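Residue-level listing of the chains:
2 protein chains.
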Amino acid sequence: MANEAENQNHTIAVLVENKFGVLARIAGLFSGRGFNIDSLSVGETLDPTISRMTIVTKGDAAIIEQVIKQLHKLIDVIKVIDLTGEDYVDRELVLLKVNAEPAVRAEVLRIADIFRAKVVDVTPTTYTLEATGDQKKIEAIIELLKPYGIQELVRTGKVAIARGSKAIRKRDEEKIRGVREQKVVGFYD
Amino acid sequence: MANEAENQNHTIAVLVENKFGVLARIAGLFSGRGFNIDSLSVGETLDPTISRMTIVTKGDAAIIEQVIKQLHKLIDVIKVIDLTGEDYVDRELVLLKVNAEPAVRAEVLRIADIFRAKVVDVTPTTYTLEATGDQKKIEAIIELLKPYGIQELVRTGKVAIARGSKAIRKRDEEKIRGVREQKVVGFYD
Chain A
18 MANEAENQNH TIAVLVENKF GVLARIAGLF SGRGFNIDSL SVGETLDPTI SRMTIVTKGD
78 AAIIEQVIKQ LHKLIDVIKV IDLTGEDYVD RELVLLKVNA EPAVRAEVLR IADIFRAKVV
138 DVTPTTYTLE ATGDQKKIEA IIELLKPYGI QELVRTGKVA IARGSKAIRK RDEEKIRGVR
198 EQKVVGFYD
Chain B
18 MANEAENQNH TIAVLVENKF GVLARIAGLF SGRGFNIDSL SVGETLDPTI SRMTIVTKGD
78 AAIIEQVIKQ LHKLIDVIKV IDLTGEDYVD RELVLLKVNA EPAVRAEVLR IADIFRAKVV
138 DVTPTTYTLE ATGDQKKIEA IIELLKPYGI QELVRTGKVA IARGSKAIRK RDEEKIRGVR
198 EQKVVGFYD
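From first to last, the protein sequence lines stand for chains A and B. First residue of the first sequence? That's 18 in our numbering, and the numbers climb one at a time after it. First residue of the second sequence? That's 18 in our numbering, and the numbers climb one at a time after it.
Hints were generated in silico from the structure; no laboratory data involved. Bear in mind the structure is a predicted one, so any value in this text is a computation, not a measurement. Warning: the hint list may mix true and false statements.
Which copy is meant is left open, because identical chains are indistinguishable; a pair holds if it fits in one copy or across any two.
[As the list claims (entries may be wrong)] Simulated crosslink set (BS3-like; lysine-lysine; CA at most 27 Å straight-line): (1) K135 x K86; (2) K90 x K36; (3) K163 x K86; (4) K90 x K163; (5) K135 x K75; (6) K36 x K163; (7) K36 x K135; (8) K153 x K90.
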């Protein structure tokens with residue numbers, strides 16, 4: 018049981034003010050509790066003063082809950098959502114530099130085609146492929162290309178968005194940042 | 018001139034041991050010098066004990082160089098490469114929840130088609146799109162969809178890989194981690 022709980026994957030979305038130091042404080046909160054961050058991605062939202070992080074970590078649910086409560090208390094953290102129990106779509110992008118000697122080129126391209134990966138760079142001896150999908154798909158293409166020789170591999174880490182028409186961003190801005198100029202027109206609420 | 022230097026974008030690839038605390042230390046190094054990290058993504062490499070980070074930051078070239086030197090000195094940092102001056106391919110993935118009321122649905126799908134974005138979730142009032150590309154392409158699709166109402170937006174941050182057949186990973190493992198079991202067969206070197 019303990020092991021099961023420890024191995025549970027958590028996907029957490031965090032909206033933060035786009036200021037320096039925020040990332041270090043958030044990363045510190047996880048490492049201070051002994052959590053490794055398996056993947057993390059940070060990018061701007063529509064409002065360039067706000068960034069959105071997606072954090073994937075493994076751990077005991079009760080301790081994760083504590084970490085989330087502490088995240089909430091951090092200055093510059095606007096919203097924290099544990100997507101783990103929710104129904105969400107997740108995607109990841111990977112760039113792969115794969116061996117493409119003449120003998121294996123056709124088979125590498127065939128695998129790329131099956132996974133709808135795009136060739137984004139070519140040399141006489143390598144292809145660089147771009148593939149997207151959920152974690153399982155990304156891992157499947159990596160496994161299939163391994164025998165041909167993967168020379169380099171960069172993953173973005175997972176990003177996730179809840180299914181359905183609910184949006185994290187708007188409710189949030191209304192609630193926490195007060196009424197502000199809405200750059201975006203939304204009709205659903 | 019000073020402004021120009023300050024506004025220069027830097028794309029830095031960092032190979033690190035996949036241990037807790039590494040991310041916090043690296044983020045702290047940037048924030049301690051007053052650098053904001055514009056985007057960051059971290060994911061596993063082929064070797065699950067090694068992660069690769071892609072950091073995008075703006076700043077004076079001389080100070081960035083100092084930060085890179087300090088990164089090198091951090092324990093658990095295996096390799097740091099400033100891709101800024103190099104020829105590289107960069108990609109980013111974005112998930113967008115867009116308003117899709119009947120009146121705008123056709124136009125939203127048309128824009129998605131032009132950018133080869135995929136619809137990954139549908140509700141009666143929203144589409145969730147997945148789009149990939151370099152920064153300019155991602156920003157273009159966001160700009161075009163804005164008038165229809167973007168309800169939520171998550172970006173992975175940029176990942177980058179050098180063009181050509183050189184690979185960061187292998188040379189690195191050979192040099193720094195010594196001879197170890199090579200899971201990957203590469204023919205080019």
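Q: Would you list, in rising numerical order, the hints stated earlier that this structure does not obey?
A: 1, 3, 4, 5, 7, 8
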